[in-house]
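**Q** Start from the sequences, fold in the hints, and give me the full structure.
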Amino acid sequence: MKFVAVTACPTGIAHTYMAAESLEQAARAGGDTIEVETQGSAGSAPLDPAVIADADAVIFAVDVAVRGRERFEGKPVVEVGVKQAINGAAALFEQAKAAVAAGPPKTGAPVPTSRVGASDRTGAKVRQWLMTGVSYLIPFVAAGGLLIALSFALGGYEIVDAPKVTDQFDALSVRGWAALMFQIGSAAFGFLVPVLAGFTAFAIADRPAIAPGFVGGAIAVTVGAGFLGGLVAGLLAGGVVSALTRVRVPRSVAGIMPVVVYPLLGSVVVGVLMYVVVGKPIAAATTGLTNWLNGLSGTSALLLGALLGLMMAFDMGGPVNKAAYAFAVGGLTTGTGTSLQIMAAVMAAGMVPPLALALASTVRKALFTDVERENGRAAWLLGASFITEGAIPSAAADPLRVIPSIMLGSATTGALSMVFGVTLRAPHGGIFVLPLIGKPLLFVVALVIGTVISAVAVIVLKHLKAGAPRGAEPVVSTSAASA
Amino acid sequence: MDAELITTELVDLDLAERDRRAAVRSLAQRLVDAGRVTDLELFLADVEKREARMATGLEGGIGIPHCRSAAVTAPTLAFGRSTGGVDFGADDGPATLIFLIAAPEGGGAEHMTILAALARRLVRAEFKQTLTAATDPALVAAYVRQEVAP
Chain C
4 MKFVAVTACP
14 TGIAHTYMAA
24 ESLEQAARAG
34 GDTIEVETQG
44 SAGSAPLDPA
54 VIADADAVIF
64 AVDVAVRGRE
74 RFEGKPVVEV
84 GVKQAINGAA
94 ALFEQAKAAV
104 AAGPPKTGAP
114 VPTSRVGASD
124 RTGAKVRQWL
134 MTGVSYLIPF
144 VAAGGLLIAL
154 SFALGGYEIV
164 DAPKVTDQFD
174 ALSVRGWAAL
184 MFQIGSAAFG
194 FLVPVLAGFT
204 AFAIADRPAI
214 APGFVGGAIA
224 VTVGAGFLGG
234 LVAGLLAGGV
244 VSALTRVRVP
254 RSVAGIMPVV
264 VYPLLGSVVV
274 GVLMYVVVGK
284 PIAAATTGLT
294 NWLNGLSGTS
304 ALLLGALLGL
314 MMAFDMGGPV
324 NKAAYAFAVG
334 GLTTGTGTSL
344 QIMAAVMAAG
354 MVPPLALALA
364 STVRKALFTD
374 VERENGRAAW
384 LLGASFITEG
394 AIPSAAADPL
404 RVIPSIMLGS
414 ATTGALSMVF
424 GVTLRAPHGG
434 IFVLPLIGKP
444 LLFVVALVIG
454 TVISAVAVIV
464 LKHLKAGAPR
474 GAEPVVSTSA
484 ASA
Chain A
80 MDAELITTEL
90 VDLDLAERDR
100 RAAVRSLAQR
110 LVDAGRVTDL
120 ELFLADVEKR
130 EARMATGLEG
140 GIGIPHCRSA
150 AVTAPTLAFG
160 RSTGGVDFGA
170 DDGPATLIFL
180 IAAPEGGGAE
190 HMTILAALAR
200 RLVRAEFKQT
210 LTAATDPALV
220 AAYVRQEVAP
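Those sequence lines, one after another, are chains C and A. Count along the first sequence starting at 1, add 3, and that's the number in my numbering. Count along the second sequence starting at 1, add 79, and that's the number in my numbering.
If you are wondering where the hints come from, they were derived from the structure by calculation, not from laboratory data. Take the hints with a grain of salt, since some may be wrong.
Restraint ranges, calculated between C-beta atoms of paired labels, are given here [said to hold, decoys possible]:
no., chain 1, residue 1, chain 2, residue 2, range
1, A, Ala131, C, Met4, 35 to 41 Å
2, C, Thr225, A, Arg203, 53 to 59 Å
3, C, Asp373, A, Leu121, 55 to 61 Å
4, A, Arg97, C, Asp35, 38 to 44 Å
5, C, Gly340, A, Glu184, 28 to 34 Å
6, C, Val67, A, Gly168, 15 to 21 Å
7, A, Gly168, C, Asp35, 54 to 60 Å
8, A, Ala131, C, Val262, 21 to 27 Å
9, C, Asp35, A, Thr214, 52 to 58 Å
10, C, Asp209, A, Thr152, 21 to 27 Å
11, C, Met4, A, Thr117, 25 to 31 Å
12, C, Ser255, A, Leu121, 17 to 23 Å
Ideal Cβ positions, reconstructed from N, Cα and C, are used throughout, including at glycine.
**A** See below:
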C-alpha cells in the first residue's frame with residue numbers, strides 16, 4: 004500500500020528524522036511505499052499534493068501540531084507520538100492498514116482543500132494561501148459579528164451612534180450594555196483586514212511574514228483599500244519575505260534574520276508599497292465596487308441580490324465568496340435597512356450550495372458516488388449553518404456541472420431575498436439565527452426556491468453527461484426534485 | 080561546514096558516569112573544551128529543559144539528550160559509550176550508546192541538515208553495531224563524519 008507521513012518533534016533536531024527513517028525502513032521491509040514530510044529544523048519539503056491524493060492512509064508521528072494538516076483531510080489517519088514511530092514502526096503500518104480497511108473518516112466537516120477549477124499548481128497554492136488567511140479571519144467575524152448583532156437586538160440600530168463607552172457607560176441601562184457590546188464587536192471587526200493579510204503572509208513565508216502582513220493590512224484599512232487591499236497586502240508581504248529569505252547571509256547573523264531583519268525589511272517594503280504605490284488604486288477600486296453595489300441596491304435590489312448570490316456560490320468560501328461576504332458584513336456596522344437586507348441575501352445565497360447538493364444527492368442517489376452521498380449528508384447541516392464550504396467536495400469532483408448549477412440557485416435566492424426585503428442583523432449562523440431575521444418566512448421561501456433550482460440543475464446536467472448513471476441502480480425516469 | 084560534526088576529542092568510549100545528569104555533564108564538558116559550547120551551565124539547563132518535556136531514551140539502549148541552545152556555536156555531536164548503562168527513561172532499560180546533540184539557537188536550515196542526517200543514522204542497526212563494537216575514538220569520529228557526509 005501507499006502511505007504518506009508527517010513527523011515532527013518539539014526541538015525538530017533528532018526524533019523527527021529518526022521517526023522518518025524508521026518509517027521508511029519499515030515500509031521497505033513490509034513491501035509498502037511511504038513518503039515522509041519531516042517538519043523539523045532542517046526545513047521541510049512539503050509532500051507533493053499528488054502523492055497525498057494517491058496515498059491509502061496517513062501516519063502522523065508527531066509530538067507537536069502537524070503543519071498543513073488540512074492537506075490530509077478525508078484520508079484514514081493513524082496518529083501517534085514520534086517515539087512510537089521510532090520504536091514500533093512496523094506496528095504502525097498494521098494500524099494504518101486497519102484504518103484503510105475501516106474506510107475514510109466519516110465524521111467531521113469536509114474542509115476546503117480541494118482545488119476547484121484550478122488544476123495548475125500556482126492557482127492551487129494561491130488559493131491555499133488565501134484560505135489560510137480567511138480561516139484565521141473567521142473567529143474575528145464570529146466574535147465581532149455576533150456581538151454587533153446582539154447590540155442591535157438590545158439597543159436598536161441607532162446604537163452605532165451611541166457615545167464611546169469610555170466617555171459614558173451606564174451599567175444599569177440596557178442601552179449602555181448594548182453600546183458596550185457594539186464597541187467590543189467593532190474592535191474585533193477592526194482586525195478583519197490585518198488578520199487576513201497577516202495570516203495570508205504567514206501561509207506563504209511563515210512567522211517572519213506575520214508582521215509585514217499585519218502592517219500591510221492595517222495600512223490597507225487606513226488608505227481605505229479594505230478587504231481587497233488586505234488580500235494584496237498579505238500576498239505582497241508573503242512574497243517579499245520569501246524573497247528576502249532566499250538571500251544568503253553569513254552564519255553569524257543568520258539567527259537574527261527571522262526575528263529582526265525579515266520583519267523589519269518586509270514591513271518597510273510592504274508599507275511603502277501599500278501607502279505609496281498600490282494602496283490608492285485598490286482603495287479606488289474598492290470604493291468603486293462598494294459604490295456600484297450600493298448603487299445597485301438603490302436602483303435594482305434584484306440585480307444586486309443576484310450578483311452577490313453568484314459571488315457567494317462561485318468559489319464556495321474562497322476569495323470571491325469572502326469579498327461578497329465582507330461587503331455585507333462591512334454594512335452591518337452602519338445598521339441601515341439596506342445593509343441588513345444585503346446581509347440576509349448574502350447569507351441565504353451562501354446556504355444554497357451545500358443544501359442543493361445535499362438535496363440532489365438525496366433524491367437522485369444513482370447520479371452520485373458513495374463519497375458524494377456521504378458528503379451530501381454532512382452538507383445538510385453545513386448548509387443550514389451557512390458554511391458554504393460544505394459544497395466543495397461535490398463541486399471539486401465535478402466543477403463544470405456543479406458550480407454553474409449552484410451559482411444559478413444562489414443568484415435566485417439572493418435576488419428573491421432582496422426583493423422580499425428580508426433583513427438580518429447577525430453576520431453568520433444560518434437557520435440558527437432565524438430569530439434575528441426580519442421576515443423569516445420569506446427568508447426560508449427564498450432559500451428553498453434557490454436550493455431546488457440548483458438541485459434540479461445539478462441533476463439535469465449530470466444526466467446529460469452520464470447518459471447512463473454511475474451507480475448500479477437504474478435511473479428512475481420521472482419525479483424530479485420535489486422539496 | 081567549517082566545523083566538523085564530531086572529532087576524536089568528542090568521543091568517550093568508556094563513559095564512567097552512571098547518573099544521567101553526570102553523564103551529560105561529562106560529555107558537555109568535552110563540547111566546551113572543543114569550543115563548541117560557550118556556557119556549560121546554560122547548555123546543561125537547555126538539555127534538561129528538553130529532557131523534561133519528554134525523556135530522550137529510546138528502545139535498544141540509546142539515549143539522545145539534545146537541545147537547541149544559545150550556548151552552542153555549531154551543530155555538534157558528542158558520543159559516549161557506557162558499559163553499565165545510563166538511564167534515559169526508555170521503557171526497555173538504560174542506554175549504552177549516548178549521543179549528546181548540540182544545535183545552535185536559530186540556526187538556518189542548511190546547518191541543521193547534518194543533524195537530520197545523523198538522526199536518521201541512529202535508527203539503523205548497522206550504525207549502532209559499528210559504534211558498539213568500535214575500539215578507537217578516532218575511527219568512531221571518522222566513521223560518523225563519513226556516514227553523515229552529504
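**Q** So, for every hint listed, does it hold in this structure?
**A** Going through the hints against the structure:
Separated by about 38 Å at the C-beta atoms, alanine 131 of chain A and methionine 4 of chain C satisfy the suggested range of 35 to 41 Å. Evaluation of the 53 to 59 Å hint for threonine 225 of chain C and arginine 203 of chain A yields a pass: the beta carbon distance comes to about 57 Å. At about 58 Å, the beta-carbon gap between aspartate 373 of chain C and leucine 121 of chain A stays in the expected band of 55 to 61 Å. About 41 Å separates the C-beta atoms of arginine 97 of chain A and aspartate 35 of chain C, a value consistent with the hinted range of 38 to 44 Å.
Distance hint check for glycine 340 of chain C and glutamate 184 of chain A: the Cβ-Cβ separation is about 58 Å, which falls outside the suggested range of 28 to 34 Å. Checked against the given bound of 15 to 21 Å, the beta carbons of valine 67 of chain C and glycine 168 of chain A, roughly 19 Å apart, stay inside it. The hint said 54 to 60 Å for the Cβ distance between glycine 168 of chain A and aspartate 35 of chain C, and at roughly 31 Å that hint is violated. For the pair alanine 131 of chain A and valine 262 of chain C, the supplied restraint of 21 to 27 Å holds, since their beta-carbon distance comes to about 25 Å.
Aspartate 35 of chain C and threonine 214 of chain A have their C-beta atoms about 39 Å apart, which leaves the hinted 52 to 58 Å range violated. Aspartate 209 of chain C and threonine 152 of chain A have their C-beta atoms about 25 Å apart, which keeps the hinted 21 to 27 Å range intact. Separated by about 49 Å at the C-beta atoms, methionine 4 of chain C and threonine 117 of chain A break the suggested range of 25 to 31 Å. Our hint of 17 to 23 Å for serine 255 of chain C and leucine 121 of chain A holds, since their Cβ atoms are close to 19 Å apart.
The structure shown violates the earlier hints numbered 5, 7, 9, 11.
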